[in-house]
Amino acid sequence: MLAINNLQAAIGEKEILKGISLTVNPGEVHAIMGPNGSGKSTLSAVLAGRDTYEVTGGQVTFNDKDLLELPPEDRAREGIFLAFQYPVEIPGVSTTNFLRTAVNEKRKYRGEAPLDAVQFLKLMKQKMDLVKIDQSLLSRSLNEGFSGGEKKRNEIFQMAMLEPSLAILDETDSGLDIDALRLVAGGVNQLRSKDNAFIVITHYQRLLEYIVPDFVHVLYNGRFVKSGGKELALELEERGYDWIKEEADALIS
Amino acid sequence: MSEQQTILDEITQSEYKYGFTTSIEMERAPLGLNEDTIRFISEKKGEPAFMLEWRLKAFRHWLKMEEPSWANIHYPPVDYQQISYYAAPKKKPKLSSMDEVDPELRATFEKLGISLDEQKRLSGVAVDAVFDSVSIATTFKEKLKEAGVIFCSVSEAVKEHPDLVRKYLGSVVPYSDNFFAALNAAVFSDGSFVYIPKGVRCPMELSTYFRINAENTGQFERTLIIADEGAYVSYLEGCTAPMRDENQLHAAVVEIVALEQAEVKYSTVQNWYPGDKEGKGGIYNFVTKRGICAGAHSKISWTQVETGSSITWKYPSVILKGDYSHGEFYSVAVTNNRQQADTGTKMLHIGKNTRSRIVSKGISAGRSNNSYRGLVRVSKKAEKARNYTQCDSLLIGDKCGAHTFPYIEVKNKTAQIEHEATTSKIGEDQIFYCNQRGIGPEEAVSLIVNGYAREVLNQLPMEFAVEAQKLLSVSLEGSVG
Chain A
1 MLAINNLQAA IGEKEILKGI SLTVNPGEVH AIMGPNGSGK STLSAVLAGR
51 DTYEVTGGQV TFNDKDLLEL PPEDRAREGI FLAFQYPVEI PGVSTTNFLR
101 TAVNEKRKYR GEAPLDAVQF LKLMKQKMDL VKIDQSLLSR SLNEGFSGGE
151 KKRNEIFQMA MLEPSLAILD ETDSGLDIDA LRLVAGGVNQ LRSKDNAFIV
201 ITHYQRLLEY IVPDFVHVLY NGRFVKSGGK ELALELEERG YDWIKEEADA
251 LIS
Chain B
254 MSEQQTILDE ITQSEYKYGF TTSIEMERAP LGLNEDTIRF ISEKKGEPAF
304 MLEWRLKAFR HWLKMEEPSW ANIHYPPVDY QQISYYAAPK KKPKLSSMDE
354 VDPELRATFE KLGISLDEQK RLSGVAVDAV FDSVSIATTF KEKLKEAGVI
404 FCSVSEAVKE HPDLVRKYLG SVVPYSDNFF AALNAAVFSD GSFVYIPKGV
454 RCPMELSTYF RINAENTGQF ERTLIIADEG AYVSYLEGCT APMRDENQLH
504 AAVVEIVALE QAEVKYSTVQ NWYPGDKEGK GGIYNFVTKR GICAGAHSKI
554 SWTQVETGSS ITWKYPSVIL KGDYSHGEFY SVAVTNNRQQ ADTGTKMLHI
604 GKNTRSRIVS KGISAGRSNN SYRGLVRVSK KAEKARNYTQ CDSLLIGDKC
654 GAHTFPYIEV KNKTAQIEHE ATTSKIGEDQ IFYCNQRGIG PEEAVSLIVN
704 GYAREVLNQL PMEFAVEAQK LLSVSLEGSV G
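Heads up: the protein sequence lines correspond to chains A and B, in order. Quick note on my numbering: the first sequence kicks off at 1 and runs consecutively. Quick note on my numbering: the second sequence kicks off at 254 and runs consecutively.
These are calculated hints, taken from the structure and not from any lab test. Be aware that a few hints might be false.
To be verified - No farther apart than 35 Å at their CA atoms in a straight line, the calculated lysine-lysine pairs in the DSBU-like style are these:
#: 1; chain 1: A; residue 1: LYS230; chain 2: A; residue 2: LYS194
#: 2; chain 1: B; residue 1: LYS723; chain 2: A; residue 2: LYS125
#: 3; chain 1: B; residue 1: LYS723; chain 2: A; residue 2: LYS122
#: 4; chain 1: B; residue 1: LYS412; chain 2: B; residue 2: LYS530
#: 5; chain 1: B; residue 1: LYS652; chain 2: B; residue 2: LYS664
#: 6; chain 1: B; residue 1: LYS420; chain 2: B; residue 2: LYS394
#: 7; chain 1: B; residue 1: LYS394; chain 2: B; residue 2: LYS451
#: 8; chain 1: B; residue 1: LYS678; chain 2: A; residue 2: LYS108
#: 9; chain 1: B; residue 1: LYS652; chain 2: A; residue 2: LYS14
#: 10; chain 1: A; residue 1: LYS132; chain 2: B; residue 2: LYS297
#: 11; chain 1: B; residue 1: LYS599; chain 2: B; residue 2: LYS574
#: 12; chain 1: B; residue 1: LYS297; chain 2: A; residue 2: LYS108
#: 13; chain 1: A; residue 1: LYS14; chain 2: B; residue 2: LYS678
#: 14; chain 1: B; residue 1: LYS317; chain 2: B; residue 2: LYS664
#: 15; chain 1: B; residue 1: LYS297; chain 2: B; residue 2: LYS530
#: 16; chain 1: B; residue 1: LYS396; chain 2: A; residue 2: LYS108
#: 17; chain 1: A; residue 1: LYS125; chain 2: B; residue 2: LYS574
#: 18; chain 1: B; residue 1: LYS666; chain 2: B; residue 2: LYS574
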């Protein structure tokens, strides 16, 4: 589904991703962990098409298409969804209205007829039950005055509505208390299937207790320095990141 | 400049789609302005003597006045002798039957989406179509007559209802009010006249559509709306002009009188030609709009969506004279490229327990300049007057300007005045967020701007709200940067 080959990216003169390779197949959940500043969020932004970063090398194919050639909206329409670490406020635009536009833009791209109001509301109702979100939140201006937990749940709801084949969760756990974390993780687990894949970016192991990954990759200084199964996350929780840094630094020198 | 910014730039630089001209034989006054010009206009319109006298008084007063320079707008001096003050299609339109309207004119309005054919019109909206200096047609006249509503051109009203005209014309905006109002009083050509009798709720929306066509002409329309005791009317105004390299002057006056318990809702979708990207051409829109809540418990509400004109100078105001009267001003003003707008309102509280509400949403893009200028005045006797003002500015790109000039004068201690102001920017973050959900940059800007302006757009009648939304998106095409 997704094949990243030796991806390099920079912001200005500063090189941040120094050769990332990763293959993600349908049904898989990959966790990407790493200390602050290792490039985790850069990776998600580059995959989503944020132009603050310049891709300086490597390839990314998504369902056999050259992902890096596509503008961000087409990447989304092809099935990539990014749950933002800091969801953006759009005053005066309700989540409902926003999603109706988004869903229909995606349908248009795929040559499908737009959903009328009745069909759309039916779909919304169904997804609301799935991720347990309240109607009142969806009528309010998108993310405006939302609590941290509400913002993240709203992201998961949007994900449910847009039915991506690849969802990237960028530090979705940051700023959440344990109850909110459970709700968000519960939503994600509801959406897991053999046809879609997840990349879960997190600093802490905590989220991975609820969203159990198939693979864990450790990003450090722009490179994957270690990969393993879910037990790697537990090891990191116990031992911290220092031993990994030391191992990696030793390897380079 | 990032790619998203480039896209924003492209979006806000689209073409004006009403820029065509109609070729039709015109009868016009020679260039220049003097007493003879005024006599010419008055004679052309077959006016009674009192009108000519009033015009001449206004003209003599105008000669002594100076063009105002306090607004935050800049333009080369206007040569008032290089303008033609009267232009009318030669074939005289007969107002008795729609079938007799010149097919060329009919086609022009069809092209603008205004059908003069009553059957084809949006149900429930009567239209007065004004082309250059004259009213071409007024639809649904008969139906309105049944309800006792008078809806006709001002020229016709001067002849058919001279008592009403005499009583109210200039009663809210006297000719001595300001430079442009005096000019308008001297040379006004046409406009709409509305009278809603006592206790009548006007059975349909009334609307006037203004079109400037001829070159080197100014348009000086004058609208007078009178809502008698307990009456209600919702009135809409739309306007467009061809794309021309020279600037054209539009100096209109609108007067509204609301008697006891009456309510008037006045909505404008202003889309005069804004000039090209470099600021060449476009309409100078110098307009005086004012209403008086003359009776107790009356209400006047102005809603404006201003997207056109190269310069806009306009402050729709309400004189709150009657006790418990209520004034509202809802505005979205968009400026793009080199457009300049200095617009706002005046709420003059005179009666007791009067209330006013101001919601102004400025949107600036390109290299434009957008100023809000508002006055809230509470006079000595206005016990317990209340005002709420919310004044927001949205910036698109970093080459435009937004300014706010609020004036508050309170002479009564019981007054309650609230003022809130915000300035924000359409962020790349917001656009990227939309993009990531599959919404393209153009659609994203449109979504964000419409969300921002929603409170004002909600005030417009349904069909026009949809139009206004589209217009906002189109006006900003190519602006994001």
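Taking the hints in turn, this is what the structure says about them:
no.: 1; hint: LYS230/A with LYS194/A; in the structure: holds, 18 Å
no.: 2; hint: LYS723/B with LYS125/A; in the structure: holds, 29 Å
no.: 3; hint: LYS723/B with LYS122/A; in the structure: holds, 27 Å
no.: 4; hint: LYS412/B with LYS530/B; in the structure: violated, 44 Å
no.: 5; hint: LYS652/B with LYS664/B; in the structure: violated, 40 Å
no.: 6; hint: LYS420/B with LYS394/B; in the structure: holds, 23 Å
no.: 7; hint: LYS394/B with LYS451/B; in the structure: holds, 19 Å
no.: 8; hint: LYS678/B with LYS108/A; in the structure: holds, 29 Å
no.: 9; hint: LYS652/B with LYS14/A; in the structure: holds, 29 Å
no.: 10; hint: LYS132/A with LYS297/B; in the structure: violated, 72 Å
no.: 11; hint: LYS599/B with LYS574/B; in the structure: holds, 13 Å
no.: 12; hint: LYS297/B with LYS108/A; in the structure: violated, 57 Å
no.: 13; hint: LYS14/A with LYS678/B; in the structure: holds, 28 Å
no.: 14; hint: LYS317/B with LYS664/B; in the structure: holds, 32 Å
no.: 15; hint: LYS297/B with LYS530/B; in the structure: violated, 38 Å
no.: 16; hint: LYS396/B with LYS108/A; in the structure: violated, 44 Å
no.: 17; hint: LYS125/A with LYS574/B; in the structure: violated, 51 Å
no.: 18; hint: LYS666/B with LYS574/B; in the structure: holds, 18 Å
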